[in-house]
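Please build the complete structure, drawing on both the sequences and the hints.
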Amino acid sequence: MSIPLVDLRAQYCAIKNEIDQVVAEIFEEQRFIGGHHVTSLEQEIAAYANVNYAVGVASGTDALLLTFRAAGIGPGDEVITSPFTFFATAGAIVNVGAKPVFVDIDPRTFNINTDLLEQAVTPRTRAIVPVHLFGQCADMDGVWQVARKYNLMVIEDAAQSLGAAFHGQCAGTLGDAAAVSFFPSKNLGGAGDGGMVLTNDADLAEKVRLLRNHGQDTSYKHVFVGTNSRLDALQAGVLRVKLKYLPQWTEQRRSHAAYYTQHFQHIEQIKCPVEQERTYHVYNQYTIRVPRRDDALARLRQREIGCAVYYPIPLHLQPCFRELGYRKGDFPEAEKASLEVLSIPVYPELQRHQQDEIIENIQQHLTDVT
Numbered sequence: 000m001s002i003p004l005v006d007l008r009a010q011y012c013a014i015k016n017e018i019d020q021v022v023a024e025i026f027e028e029q030r031f032i033g034g035h036h037v038t039s040l041e042q043e044i045a046a047y048a049n050v051n052y053a054v055g056v057a058s059g060t061d062a063l064l065l066t067f068r069a070a071g072i073g074p075g076d077e078v079i080t081s082p083f084t085f086f087a088t089a090g091a092i093v094n095v096g097a098k099p100v101f102v103d104i105d106p107r108t109f110n111i112n113t114d115l116l117e118q119a120v121t122p123r124t125r126a127i128v129p130v131h132l133f134g135q136c137a138d139m140d141g142v143w144q145v146a147r148k149y150n151l152m153v154i155e156d157a158a159q160s161l162g163a164a165f166h167g168q169c170a171g172t173l174g175d176a177a178a179v180s181f182f183p184s185k186n187l188g189g190a191g192d193g194g195m196v197l198t199n200d201a202d203l204a205e206k207v208r209l210l211r212n213h214g215q216d217t218s219y220k221h222v223f224v225g226t227n228s229r230l231d232a233l234q235a236g237v238l239r240v241k242l243k244y245l246p247q248w249t250e251q252r253r254s255h256a257a258y259y260t261q262h263f264q265h266i267e268q269i270k271c272p273v274e275q276e277r278t279y280h281v282y283n284q285y286t287i288r289v290p291r292r293d294d295a296l297a298r299l300r301q302r303e304i305g306c307a308v309y310y311p312i313p314l315h316l317q318p319c320f321r322e323l324g325y326r327k328g329d330f331p332e333a334e335k336a337s338l339e340v341l342s343i344p345v346y347p348e349l350q351r352h353q354q355d356e357i358i359e360n361i362q363q364h365l366t367d368v369t
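For the sequence shown, counting from 1, position 293 maps to 292 in numbering that gives the first Met the number 0; every step adds exactly one.
Honestly, the hints are just simulated from the structure, not real lab data.
Among the hints, erroneous ones may be present.
Claimed, not checked - Distance windows between CB atoms, simulated: (1) 312 with 261: 31 to 41 Å; (2) 17 with 224: 37 to 47 Å; (3) 31 with 215: 10 to 20 Å.
Said to hold, decoys possible - Below are the DSS-like pairs computed for lysine-lysine, each with C-alpha atoms no more than 25 Å apart in a straight line: (4) 243 with 15; (5) 335 with 270; (6) 270 with 327; (7) 98 with 327; (8) 98 with 148.
No experiment lies behind these values; they were computed from the predicted model shown.
Positions of the beta carbon are idealized from the N, C-alpha and C atoms, including for glycine.
Encoded structure:
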């Protein structure tokens, strides 16, 4: 029997009655844009993360984009971030007319190396965007040390880390604002695209609310030139059901991660994820480093075991960013990681016998290549 990388069907089956009920309710109401499910989800996410404001938008990408726009980041500005992340992080920077400036990663956590941050600051730098990759918060003490020194904004890319914590404080509340994604494969995923901006800044939250709805504050009165980036009521309804289970699902992910680490940590050829001291990792992905990664990938796929490479090409080497002037070798840790990382199933419904099969196949791969 195949083992998917993420089993959304198993998740749905476990809460099918609740999901079907809320979807039926929304269809009965026939109110698909805005409404009480959207406002309730915003309130519930704000309470979950312990933040003052949560503003639902159409995707995690839009959460970044609208936050940048609300913060006044645009042409002529530079924004520091990681080259080892999903494209949307840098894409949103470029799409507001600013320039992404990359800083290499910490090889242990895959997050931005804060020891290298200060050397990337220029007079044009407006913000730092730490990415809490794979479900673990970046070193926010190091981020803020540089941000305060140079009066920079801190905008978290928390797309993969809802529920994670740094020194007891929730991801999404560690900067001036944060972007969250509800893409279906996320630890809190909808039935399509969705996102949210989290902040304690009332003015920024209000501006995002306006920007997501064509910049209008009342019907047909447009204060800004915004866009259409509203979170659908159907998505909000589904997410409200799932949010109740997120703490339980997170603990199941952490249990699966601990089981993998227990079996892999003494194998020299494998580097397991490192959970930093005083952080709480939610394991949106369980990502190992393994020799001859592509061979391991092929072996698992041949045996119908879900796996993926996040990410095979660092952002500074993407063709569309050629004009930024980066070259191969500029960020060696990100480049090395792109050749070695392999993400394996860690979704909450994963069974121990399935994990054992995954572990056995990875161990057999190591036997074959040594």
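To see whether the hints hold, each was checked on the structure:
no.: 1; hint: 312 with 261: 31 to 41 Å; result: holds (32 Å)
no.: 2; hint: 17 with 224: 37 to 47 Å; result: holds (39 Å)
no.: 3; hint: 31 with 215: 10 to 20 Å; result: holds (19 Å)
no.: 4; hint: 243 with 15; result: holds (14 Å)
no.: 5; hint: 335 with 270; result: holds (13 Å)
no.: 6; hint: 270 with 327; result: holds (24 Å)
no.: 7; hint: 98 with 327; result: holds (19 Å)
no.: 8; hint: 98 with 148; result: holds (21 Å)
Checked against the numbered hints given earlier, this structure breaks none of them.
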